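Keeping the supplied structure of chain D fixed, place chains S, Y and B with the ligands upon it in accordance with the hints.
In case you want the letters, here they are:
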Amino acid sequence: MYQDVILDHYKHPHGRGLRDGDAEVHHVNPTCGDEITLRVKYDGTRIADVSYEGQGCSISQASASVLNDLLVGKDLDEARKIQGTFLELMQSKGRIEPDDAMEDLLEDAVAFAGVSKYPARVKCALLSWMAWKDATAQALGEEKTA
Amino acid sequence: MYQDVILDHYKHPHGRGLRDGDAEVHHVNPTCGDEITLRVKYDGTRIADVSYEGQGCSISQASASVLNDLLVGKDLDEARKIQGTFLELMQSKGRIEPDDAMEDLLEDAVAFAGVSKYPARVKCALLSWMAWKDATAQALGEEKTA
Amino acid sequence: MTQLPGLLDTEAIRKDFPILDRVLHDGKKLVYLDNAATSQTPRQVLDVLSEYYEQHNANVHRGVHVLAEEATELYEGARDKVAAFINAPSRDEVIFTKNASESLNLVANMLGWADEPYRVDSDTEIVITEMEHHSNIVPWQLLAQRTGAKLKWFGLTDDGRLDLSRIDEIITPKTKIVSFVLVSNILGTLNPVEEIVRRAQEVGALVLIDASQAAPHMALDVQALQADFVAFTGHKMCGPTGIGVLWGRAGLLEDLPPFLGGGEMIETVSMHSSTYAPAPHKFEAGTPPIAQAVGLGAAVDYLNSIGMDKIAAHEHALTEYAIQRLQKVPDLRIIGPATAEDRGAAISFTLGDIHPHDVGQVLDEQGIAVRVGHHCARPVCLRYGIPATTRASFYLYSTPAEVDALVDGLEHVRNFFG
Amino acid sequence: MTQLPGLLDTEAIRKDFPILDRVLHDGKKLVYLDNAATSQTPRQVLDVLSEYYEQHNANVHRGVHVLAEEATELYEGARDKVAAFINAPSRDEVIFTKNASESLNLVANMLGWADEPYRVDSDTEIVITEMEHHSNIVPWQLLAQRTGAKLKWFGLTDDGRLDLSRIDEIITPKTKIVSFVLVSNILGTLNPVEEIVRRAQEVGALVLIDASQAAPHMALDVQALQADFVAFTGHKMCGPTGIGVLWGRAGLLEDLPPFLGGGEMIETVSMHSSTYAPAPHKFEAGTPPIAQAVGLGAAVDYLNSIGMDKIAAHEHALTEYAIQRLQKVPDLRIIGPATAEDRGAAISFTLGDIHPHDVGQVLDEQGIAVRVGHHCARPVCLRYGIPATTRASFYLYSTPAEVDALVDGLEHVRNFFG
Ligand SMILES: Cc1ncc(COP(=O)(O)O)c(C=O)c1O
Ligand SMILES: Cc1ncc(COP(=O)(O)O)c(C=O)c1O
Chain D
0 MYQDVILDHY KHPHGRGLRD GDAEVHHVNP TCGDEITLRV KYDGTRIADV
50 SYEGQGCSIS QASASVLNDL LVGKDLDEAR KIQGTFLELM QSKGRIEPDD
100 AMEDLLEDAV AFAGVSKYPA RVKCALLSWM AWKDATAQAL GEEKTA
Chain S
0 MYQDVILDHY KHPHGRGLRD GDAEVHHVNP TCGDEITLRV KYDGTRIADV
50 SYEGQGCSIS QASASVLNDL LVGKDLDEAR KIQGTFLELM QSKGRIEPDD
100 AMEDLLEDAV AFAGVSKYPA RVKCALLSWM AWKDATAQAL GEEKTA
Chain Y
0 MTQLPGLLDT EAIRKDFPIL DRVLHDGKKL VYLDNAATSQ TPRQVLDVLS
50 EYYEQHNANV HRGVHVLAEE ATELYEGARD KVAAFINAPS RDEVIFTKNA
100 SESLNLVANM LGWADEPYRV DSDTEIVITE MEHHSNIVPW QLLAQRTGAK
150 LKWFGLTDDG RLDLSRIDEI ITPKTKIVSF VLVSNILGTL NPVEEIVRRA
200 QEVGALVLID ASQAAPHMAL DVQALQADFV AFTGHKMCGP TGIGVLWGRA
250 GLLEDLPPFL GGGEMIETVS MHSSTYAPAP HKFEAGTPPI AQAVGLGAAV
300 DYLNSIGMDK IAAHEHALTE YAIQRLQKVP DLRIIGPATA EDRGAAISFT
350 LGDIHPHDVG QVLDEQGIAV RVGHHCARPV CLRYGIPATT RASFYLYSTP
400 AEVDALVDGL EHVRNFFG
Chain B
0 MTQLPGLLDT EAIRKDFPIL DRVLHDGKKL VYLDNAATSQ TPRQVLDVLS
50 EYYEQHNANV HRGVHVLAEE ATELYEGARD KVAAFINAPS RDEVIFTKNA
100 SESLNLVANM LGWADEPYRV DSDTEIVITE MEHHSNIVPW QLLAQRTGAK
150 LKWFGLTDDG RLDLSRIDEI ITPKTKIVSF VLVSNILGTL NPVEEIVRRA
200 QEVGALVLID ASQAAPHMAL DVQALQADFV AFTGHKMCGP TGIGVLWGRA
250 GLLEDLPPFL GGGEMIETVS MHSSTYAPAP HKFEAGTPPI AQAVGLGAAV
300 DYLNSIGMDK IAAHEHALTE YAIQRLQKVP DLRIIGPATA EDRGAAISFT
350 LGDIHPHDVG QVLDEQGIAV RVGHHCARPV CLRYGIPATT RASFYLYSTP
400 AEVDALVDGL EHVRNFFG
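Protein chains in written order, with numbering that gives the first Met the number 0: chain D, 0 to 145; chain S, 0 to 145; chain Y, 0 to 417; chain B, 0 to 417.
Errors might be hidden in some of the hints.
Stated by the list, open to error - With a straight-line Cα cutoff of 25 Å, these simulated BS3-like cross-link-like pairs (lysine-lysine) come out:
| hint | chain 1 | residue 1 | chain 2 | residue 2 |
| --- | --- | --- | --- | --- |
| 1 | B | 14 | B | 27 |
| 2 | Y | 28 | D | 122 |
| 3 | Y | 80 | D | 116 |
| 4 | Y | 28 | S | 116 |
I should point out that these hints are in silico values taken from the structure, not numbers from a laboratory.
Please read all numbers here as calculations on a predicted model, not as lab measurements.
Next comes chain D alone, as it looks inside the complex (with noise of 0.2 Å):
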């Protein structure tokens, strides 16, 4: 599950540190004390940052760093797109493997395909994710869907 692009991510971790934004959450992961503090800053529906600190395992690490790759700069629609696939292929307990759409789509994050095989990892996997996803429902005063 310890694919190269997960490890440099959590070695070199992308636009982390917490940054202005329009609304702030804080998940955690309790069986594993995964923490993430996550903001959005949005610009109309266009996501002009996700900036985020945290500690925790490789997993949750890289992802957060990946979301950031994937998210800063896309429209909310996009950004929506991309966080439901990335959400399928980690729930798929192993059993997709990502075509070319896929890998377009997602980028780096096609890495952490191997991870949908080791349930107790998948929630790491998803912590920023879910952050993002409830911070922007804050941010745009939509109601919490999580």
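Frame of chain D; chains S, Y and B with the ligands shown alone:
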């Protein structure tokens, strides 16, 4: 376990019915609903009468009849010895083979030796004896020992 | 051999149950008619239990190692199986307990500690019935004592049915919870769910159904029942001892407070306060009965492989036959419905003046296992003015020949004490 | 192979545990170091379980037939075995629960509903420690919330011991109950019972000892402990899942109110009121975990056949060796006592900045099963400012070679994330 002696006592109980007494107790075996109401009448330390009403299985009914046979007319010390020996026999899990001395003391009650192999039925056989013990303590103003 | 329409191939089925080969008292074959107390366990379940301990045993949920992942998957897989078995809208509505009694107590305690609108307190009423198992009486007596709520109940008709004639006086706007048995373990009665649920819904009361004697014997659909909670127990449905189930509506499980506190049921703990995991884990404190849940899952697979409707048909045919034969035994009085309609496969009876203990003992000497006593439903005995009953109860492996053995055995009992 | 004085003949012992032969991930032999989470189950216990279901399965206590008598004798026989195992003055003081968590909740609930002098209410205080398992924290938080009692606790020293310096301020005449762990599942610390019990007795508080991590590993003598209640769990001591124990003093069990209501725990029931059976049955509502209790009895036999003192000596030698080897791993920090004195066989540690999840996962890839996380003792992690630990824990079948495998594995982890 159903010795003829037991069946005889069951079908033709001795001393059944409630008569005048110094104390009355009501005992129940909650697992099977066996019930007995028992009165003792003392003449000093001599047992003048043990009268009873009850409903229940052949073992509990026959045992009360045997008790009446054995204890009425006896002095308290002797009665206690009989009660203690019967208790011992019933708790023996079939391991005591009554000898002559025991047969002399317990008379018809030795027929219950086989019952001691059936844990669920031991309580039935002891119901009236425990009631007698209680009623005696009450009649003689002793502390309850059950 | 007696042939009845609708019977299962018991010859094949009995091969799955090692204990049915047991020989008692110098050569008497076991005739096991105590299925309402507990059912026997098929090889298929025993194999799964052994395999669990020999291959996968680990504590669940908290581990990243292979065994922990396997154990978790097996345990949660069992939840999926049980959820499907009762047609639960969501697997998260299935809570594993240690037995039906814990399931029932769990609801009683949740309601005692709940906030409005669920809270049971001194202004409110609890409704049960006179035919409940002690496990669906005592928790409510305790709750009533502890909260000051009033405990009310439906009485019984002479033929062993619920007397619903005063339903509107018994279930009132003060009623917070109506808890009743789907199939009585002593009378065999199958109760009319719809009428009770309709009235409960009218006044906004919750409904808890004790399906301990139903889940093993008929297809159970919690959505069709329209109850809020359904409780049952593993050891009566080919599963191991030590496992029970409480199904509850998702929204309720979210709103209601936890019962036991501890590992597994928390989200985050500090010395000052804790938050709780979502259901079902909120209600599963500590290491759960892992192997037993897995075993129950295997039992569900086993029952499905036979088919619940076929099991129900088998038992119906057998019960009809048994009632018919028992009614011809002199002095035998059936306590409960005297027909096979709307009833389960437990038949209670008295035999003249012969005490059930004696009936049971003499049957046992012939290898026939029945239950005697008040069957944890003493109010029913009080209601019918009897100290106890003898109860024969059937399951998927029971045969007409066993009914015949029972009837012959009772003949012998009558001669013995006659 | 490393030879240490006091080791058991693990080669022979390991043959009793089928799961230890398991091979993972294409050829890696299982190195099971997660014994504090759950222990593995020997053949001797599995055989007893199978025999129970294949020969004797019946519901207990209420039957007059052979199977019911056999099942009752086996179940009550298990109680005798457990009573002897912990040197209980009376077998009636041994209550079977589903796990240690239920045992602990049982005490908390009894005290909440008790009359004076036991009653916990808003004028009283509850004392626990900062190193408790969540199962000995959350029940008391719930009780405190529900009664208004104040929850207090002993903090920890930097080296993982209880800080008893303010014992007289923490345990006061207002204290009704002091509940603490004998051996911590996360730190490994063995706590000083005598000092705490002495102070509790001085102020008339009850003492509950959570022996979940002690009962499996050392001779336990409830009379020597002088506590009022002792709780432990079957699945950590070679027994099945689904079974726990609460030992309590006879007089207390007589005085205290029941917890769960239902079948088995009653003396007589009417619709209006019920009376309760004497202990232990008063606290065992419903069909108990029969097979699991019988299995626990077999586990106790098994442990006795090896000898608890020998098991303790084995684990002590192994723990000493492990601490010594682990301390040489760069960046490894032991959380808890750094010597083998007054400690159990669970060793928690952190490894530089590498998250325990990653440590555990990479060890798992080598077949080494350890637990990672907060081990249901999150306040300990908060206390030491760490998110989680990696924990290796040993049992009677653990070997020095497994310690070596762990140390090699950690080397690999460091290289991997280095
Ligand atoms: C110290 C301690 N107390 C209590 C428990 C709870 O035991 P169980 O999960 O079997 O209820 C555990 C184990 O998880 C433990 O280690
Ligand atoms: C109708 C009914 N309810 C509840 C129970 C209690 O089940 P358990 O003893 O498994 O808790 C039983 C069985 O004994 C029962 O027959």
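Task: Given pair status - residue 27 of chain B, residue 14 of chain B, alpha carbons within 25 Å - done: Between residue 14 of chain B and residue 27 of chain B the Cα gap is close to 18 Å, so the pair holds against 25 Å.
Open item on the list: Would the hint linking residue 28 of chain Y and residue 116 of chain S be met if the CA-CA limit is 25 Å?
Closed with: holds (21 Å)
Task: 25 Å Cα cutoff - pair residue 80 of chain Y, residue 116 of chain D - done: Roughly 21 Å between the alpha carbons, so the hint for residue 80 of chain Y and residue 116 of chain D holds.
Task: Pairwise hint evaluation, residue 122 of chain D against residue 28 of chain Y, where the allowed Cα distance is 25 Å at most - done: violated (55 Å)
This entry does not satisfy hint 2, going by the numbered hints stated previously; all others are met.
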